[in-house]
Every structure is written in C-alpha cells, then in structure tokens.
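**Q** Sequence:
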Amino acid sequence: MKKIFTAVFASLILFCHTASAEIDATQAEKFVKEVTDEGIQEIINANVPQSEKDARFTKLFNRAFDLDFIGQFVLGRNWRTATPEQKKEFISVYRQLNVSTWSKRFDEFKGREFIFKGTSPSNSKGQVFVNSFVPMDQGEPAKVVWRVKEKAGSYKIVDIIIENVSLAISARNEYTAFIKNNPGGINALIANLKSKI
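For the sequence shown, our numbering puts the final residue at 210, and the numbers step up evenly by one.
Hints are computed from structural coordinates only; laboratory data are not their basis.
Be a bit skeptical, because a hint or two may be false.
Below, a list of computed lysine to aspartate or glutamate pairs in the EDC-like style, where the Cα atoms sit at most 20 Å apart [said to hold, decoys possible]:
1) K123 <-> E47
2) K193 <-> E176
3) K130 <-> D37
4) K123 <-> E163
5) K138 <-> E102
6) K72 <-> D37
7) K207 <-> E102
8) K207 <-> E187
9) K43 <-> E102
Here are the simulated distance ranges between beta carbons [to be verified]:
10) G131 <-> A201: 36 to 46 Å
11) E176 <-> R76: 40 to 50 Å
12) A204 <-> K43: 37 to 47 Å
13) F146 <-> S183: 13 to 23 Å
14) V178 <-> P134: 35 to 45 Å
15) N205 <-> E47: 11 to 21 Å
16) I104 <-> A190: 18 to 28 Å
17) G89 <-> N177: 39 to 49 Å
18) P154 <-> K207: 29 to 39 Å
19) D150 <-> E35: 36 to 46 Å
Quick reminder that beta carbons are idealized off the backbone N, C-alpha and C, glycines included.
Using the sequences and the accompanying hints, generate a full structural model.
**A** See the structure below:
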C-alpha cells in the first residue's frame, strides 16, 4: 500500500526558495486538513460518476496547489532560459498531466485518513511544513509532510515529502536530465508530457 500511496502523489510535484518570514502555522495546518478532508469526502467517498470526480479533483487541485510556483521550480535553471511561450505551455501541459493521471487513482485512498501532527518551521520565505501520516494495512504509517506557502493571506501547497523524499526535487531531477539528454530541450519535454496525457 505504501508504494501505491507514493505513486498517487508522485505527479503532484512542487517546492520553494529561500529566506525567512512569519506564517500562521495553525492556519496552514487547517488549510491542508481542509484539502485532504475535501478530497476524501467529496471525491474518494462520493457516490458520483467518474466524470464528476474528475471535475471535482480538477477544481481542488487547481485551488490547493500553486502550479505556477511549482512549474518554475521543477524546470530549475531551464526556467530562466525558457521563452514566455514555453513557460506558459509547460505549465498548461504539466497541469493537465497531473489532473488526468491522478484523479482516476484517488479511489485507492478509500478507507484511509490523514493524521496531522502539527507543523515544523521552514527557512523559506512565507512557508511552513505541515506534518501528517497515513496508517497502512501493514507496517509503519506512511509519513507525509506538506510544504505550504502563504502569500497575501492565501495558502497553497508547494511540495509533498513522502517518507523523506521530496516530490518537487524528484521531478526537477527527472526533467533536468530529460532536457540535458534531448536536443529538443524544453520543447522535447513538453512534447513528452503531452504524450502522457
């Protein structure tokens, strides 16, 4: 079950930068709780057609995650050399891929729940770590840490760290290697992501 759990999130890929600033940790934790509760009650446990689940997941995903911030991070240094058109297309395709891939896998969380264990400070500006775990059928609970960013009173998830593995960093490493090994560069990466939708 842990492998399935990791896979379900392996595409919701996100992260951060540096500096320090105050953030309301209590509100950040409340925000993540609301996101997971909505996902479980309104999507996983809802007795509605898959098309409606997809629509609900798309709405939740776009509201809860900062895809512009995430996209910039996972492209890494390639973001600086990308054209405005490439940046826009990458974010669009990246968003579509995540939604189309993972909305259909949410049912794998039926009967599961996130147990929250407070927060940990971050050295990144306007960010905090929200700690949680998910009990498994066998073995130790799966540890899940959410990196949350606050800007102008709005909270967004910018990374998920499962069993000490940052999904943002994993995605950045994958995309950086792909671009490096393909003459088409960013355009080749975009085409590759499109083929997976």
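**Q** All hints are to be evaluated individually against the structure, with a verdict given for each.
**A** A quick look at each hint next to the structure:
1. K123 <-> E47: 17 Å, holds
2. K193 <-> E176: It is violated: about 28 Å lies between the C-alpha atoms, which goes past 20 Å.
3. K130 <-> D37: Roughly 16 Å between the alpha carbons, so the hint for K130 and D37 holds.
4. K123 <-> E163: Answer violated: K123 to E163 is near 30 Å, above 20 Å.
5. K138 <-> E102: 27 Å, violated
6. K72 <-> D37: 25 Å, violated
7. K207 <-> E102: Holds - the C-alpha atoms of E102 and K207 are around 10 Å apart, at most 20 Å.
8. K207 <-> E187: 16 Å, holds
9. K43 <-> E102: Given pair K43, E102 is violated - Cα atoms ~33 Å apart, limit 20 Å.
10. G131 <-> A201: 36 to 46 Å: About 43 Å separates the Cβ atoms of G131 and A201, which means 36 to 46 Å holds.
11. E176 <-> R76: 40 to 50 Å: Once the Cβ atoms are compared, 26 Å apart, the range 40 to 50 Å for R76 and E176 is violated.
12. A204 <-> K43: 37 to 47 Å: 40 Å, holds
13. F146 <-> S183: 13 to 23 Å: Given a distance of about 20 Å, which is inside 13 to 23 Å, the answer is holds.
14. V178 <-> P134: 35 to 45 Å: 21 Å, violated
15. N205 <-> E47: 11 to 21 Å: At roughly 34 Å between Cβ atoms, E47 and N205 fall outside 11 to 21 Å, so the hint is violated.
16. I104 <-> A190: 18 to 28 Å: Once the Cβ atoms are compared, 20 Å apart, the range 18 to 28 Å for A190 and I104 holds.
17. G89 <-> N177: 39 to 49 Å: 21 Å, violated
18. P154 <-> K207: 29 to 39 Å: 37 Å, holds
19. D150 <-> E35: 36 to 46 Å: 40 Å, holds
In the structure shown, a violation is registered for the earlier hints numbered 2, 4, 5, 6, 9, 11, 14, 15 and 17, in ascending order.
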